[in-house]
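Undergrad: We have chain A; now place chain B onto it with these hints.
2 protein chains.
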Amino acid sequence: MKTFSIAKSRRLRSTPYTSRIEEQGVTAYTTYNHMLLPAAFGSLEDSYHHLKESVQVWDVAGERQVEINGKDSAKLVQLMTCRDLSKSKDGRCYYCPIIDDKGGIINDPVVLRLSSDRWWLSIADSDVLLFAKGLAIGNNFSVNIFEPDVNIIAVQGPKSFKLMEKIFGEKITQLKFFGFDYYDFKGTKHLIARSGWSKQGGYEIYVEHTKSGLDLYDTLFEKGKDLDVKPGCPNLIERIESALLSYGNDIDINDNPLECGFDKFVNVDSDINFLGKEKLIKIKSEGVSKKLMGVKLDLKKINITESIDIMDENSNPIGELRSGCYSPYFDQVIGIAMLNKPNWNANQAIKIKINDQAFDGKVCDLPFI
Amino acid sequence: MKTFSIAKSRRLRSTPYTSRIEEQGVTAYTTYNHMLLPAAFGSLEDSYHHLKESVQVWDVAGERQVEINGKDSAKLVQLMTCRDLSKSKDGRCYYCPIIDDKGGIINDPVVLRLSSDRWWLSIADSDVLLFAKGLAIGNNFSVNIFEPDVNIIAVQGPKSFKLMEKIFGEKITQLKFFGFDYYDFKGTKHLIARSGWSKQGGYEIYVEHTKSGLDLYDTLFEKGKDLDVKPGCPNLIERIESALLSYGNDIDINDNPLECGFDKFVNVDSDINFLGKEKLIKIKSEGVSKKLMGVKLDLKKINITESIDIMDENSNPIGELRSGCYSPYFDQVIGIAMLNKPNWNANQAIKIKINDQAFDGKVCDLPFI
Chain A
59 MKTFSIAKSR RLRSTPYTSR IEEQGVTAYT TYNHMLLPAA FGSLEDSYHH LKESVQVWDV
119 AGERQVEING KDSAKLVQLM TCRDLSKSKD GRCYYCPIID DKGGIINDPV VLRLSSDRWW
179 LSIADSDVLL FAKGLAIGNN FSVNIFEPDV NIIAVQGPKS FKLMEKIFGE KITQLKFFGF
239 DYYDFKGTKH LIARSGWSKQ GGYEIYVEHT KSGLDLYDTL FEKGKDLDVK PGCPNLIERI
299 ESALLSYGND IDINDNPLEC GFDKFVNVDS DINFLGKEKL IKIKSEGVSK KLMGVKLDLK
359 KINITESIDI MDENSNPIGE LRSGCYSPYF DQVIGIAMLN KPNWNANQAI KIKINDQAFD
419 GKVCDLPFI
Chain B
59 MKTFSIAKSR RLRSTPYTSR IEEQGVTAYT TYNHMLLPAA FGSLEDSYHH LKESVQVWDV
119 AGERQVEING KDSAKLVQLM TCRDLSKSKD GRCYYCPIID DKGGIINDPV VLRLSSDRWW
179 LSIADSDVLL FAKGLAIGNN FSVNIFEPDV NIIAVQGPKS FKLMEKIFGE KITQLKFFGF
239 DYYDFKGTKH LIARSGWSKQ GGYEIYVEHT KSGLDLYDTL FEKGKDLDVK PGCPNLIERI
299 ESALLSYGND IDINDNPLEC GFDKFVNVDS DINFLGKEKL IKIKSEGVSK KLMGVKLDLK
359 KINITESIDI MDENSNPIGE LRSGCYSPYF DQVIGIAMLN KPNWNANQAI KIKINDQAFD
419 GKVCDLPFI
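Protein sequence lines correspond, in order, to chains A and B.
Basically our numbering = 1-based index in the first sequence + 58.
Basically our numbering = 1-based index in the second sequence + 58.
Extracted from the complex, chain A is given alone in its bound form (with noise of 0.2 Å):
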């Protein structure tokens, strides 16, 4: 496959460790949020094994927080999204599709409850932030809404608890998965998960002061250097054989979270208020006419920069693929497509098409693993 280069510019924001990662052999990028999110550090391949062995260090500053505070801040965040956050916690952390009028998919952030009546939502690549801003000020909602000044830190990988343990002592091994709490880092308190896109194991951390931050991000390295910590990014392979959905990717707007496998978020039976409830009723009575599945096919090798059409044996078109890699651990290509209804039986032959050639392969369910 032919490569290009980025064109870099002050709208694809660079992060306060753009400069570390490109001195240690960043080689693609991708853009999320208006920001350069690193998409390589060499082979794909390698990366994966890495990530599933050791630790790395990722600058996912892309995934941007939008800070919604104020005395109508918990009704506008319920009222983006269909999963109930009545009894949500301080310190904890929520998945939550944010949805339209229509049930459509328009981010699936990672919602923080700082407190009662402030909230972030660490987003997907879309700008929440006018969404929210619409609706608070069509609402007359008593809100404030912004980005704040937060780059994340992930630290990812089965070695992660170790190398943060080294850090931060080892009390941060016992917060729990989801859960948040701030730990000193040479007097500077920084907001840390137990979170992250793998399925490795790991830390967020919500850098918020960026000199403590990159004197972290630093420091990760060094004290990493006995467990092979190395520089690294959200991998294609690790999240498609992980099942981690990428909104944009795997998700659009035109989806409904009923048809990507929220069916636990989808909380209509709740007496709580979101957009788009009554059609996600509506839609559950009715039963989805598409759903988010695997796929597993008979190639060694994909580049996927668009939907590919997935047809079943006698050739009718049954769905698009979205996402796909070449996974290591099953030594065939897997992917993620949205298939039409009824063909969603794990095993069911399915065939695609690249440049004019076919190749088949078979329905699987979701996780991979």
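The set of hints was computed from the structure by calculation and includes no laboratory data.
Do not rely on the hints blindly, as some may be mistaken.
Repeated chains share a single entry, so a pair holds when one copy, or any two copies, can fit it.
What the hints assert, rightly or not - SDA-like, lysine to any residue: derived pairs with alpha carbons at most 25 Å apart:
hint, residue 1, residue 2
1, Lys420, Gln390
2, Lys234, Lys420
3, Lys247, Val326
4, Lys269, Phe388
5, Lys160, Leu134
6, Lys337, Ser200
TA: Just chain B now, kept in the frame of chain A:
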């Protein structure tokens, strides 16, 4: 400067023309509204000279449309912009700053009035669709808001008139600046505006019928051979020399339209209703404290990837350089800068530092020429 590749995926959407421009030699991409936007075909300077002398065809599908139609569409569009649209006409384009309730700029689209209850906002790089949706839901407006399948081809340069005449006949040359109409191409009607993101003259073809659009794309190259037609893209040098502002580069949500020289589109004296009106009335009466200005620097080369601090002669910070390039016309670096009051006098001496080296320069008025 080191270069990095762009990691393609479905999330950075391809356009109908992507495969064509990749055959034609695109070398760099940026992203724009979650879509690939070509940023270079080899040398920027060669493209600049060619654009000023001849004609280029640009894939600017990343200039997405937000369609707003329905009973309350005019009300919603007006609510979002400080430009008075009460006397707007069908078939005309209007450059409209979109602002929030604080007067901060959210986007600066060209608004096309298709009819009194059907509008397209041809947007810069931010999700105006989500802002419009939030406002419409909150205000309970009767509107439909969606991104139609429109992929613009721009034909730019002094010979664009000749080329378009060859394909659409003489009447296309009678289209007035910022007017649009429908023109026939082999039986398919295409909306064509006399507009484009250069000051070299030309058209934008709002392709709604992809198959015909691809045929048209190829025809532009066939019929343009004797006019030395080439593929191109918005050119950094030409757009800065012409002082065409770029949202995200020169302008962001922390700027208001009076700081960006949009005074004539800030119609606070009309009786229309728009967001941030009171705020803008106050700002107008008090005067702004920062303003976009031009700068000329004693440099022959620059690569701007983030804001660069600007100092006065005594090294006091007075603003920031937001975009810039080497200008063949002035034979030095020129740029667009946000400068604090009172540093707005043309010829005022300024300094910037790049890699700890200081360079001298001068303030100048916009546009440069």
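Undergrad: So, for every hint listed, does it hold in this structure?
TA: Hint check:
Proximity of Lys420 to Gln390 under the C-alpha cut-off of 25 Å is restricted to the intra-copy arrangement: shortest distance 11 Å within a copy versus 60 Å between copies. For the homomeric pair Lys234 and Lys420, neither the shortest alpha-carbon distance inside one copy (37 Å) nor that between copies (56 Å) is at most 25 Å. In this assembly of identical chains, the alpha carbons of Lys247 and Val326 never lie at most 25 Å apart, being 38 Å within a copy and 45 Å across copies at closest. Proximity of Lys269 to Phe388 under the C-alpha cut-off of 25 Å is found in neither arrangement, the shortest distances being 43 Å within a copy and 39 Å between copies.
Proximity of Lys160 and Leu134 under a CA criterion of 25 Å is satisfied in both settings, with 17 Å inside one chain copy and 19 Å between copies. For a Cα distance limit of 25 Å, the shortest separation of Lys337 from Ser200 across copies, 17 Å, qualifies, whereas the shortest one inside one copy, 27 Å, does not.
Violation of the numbered hints given earlier is confined to hints 2, 3, 4; the remaining hints are satisfied by the structure.
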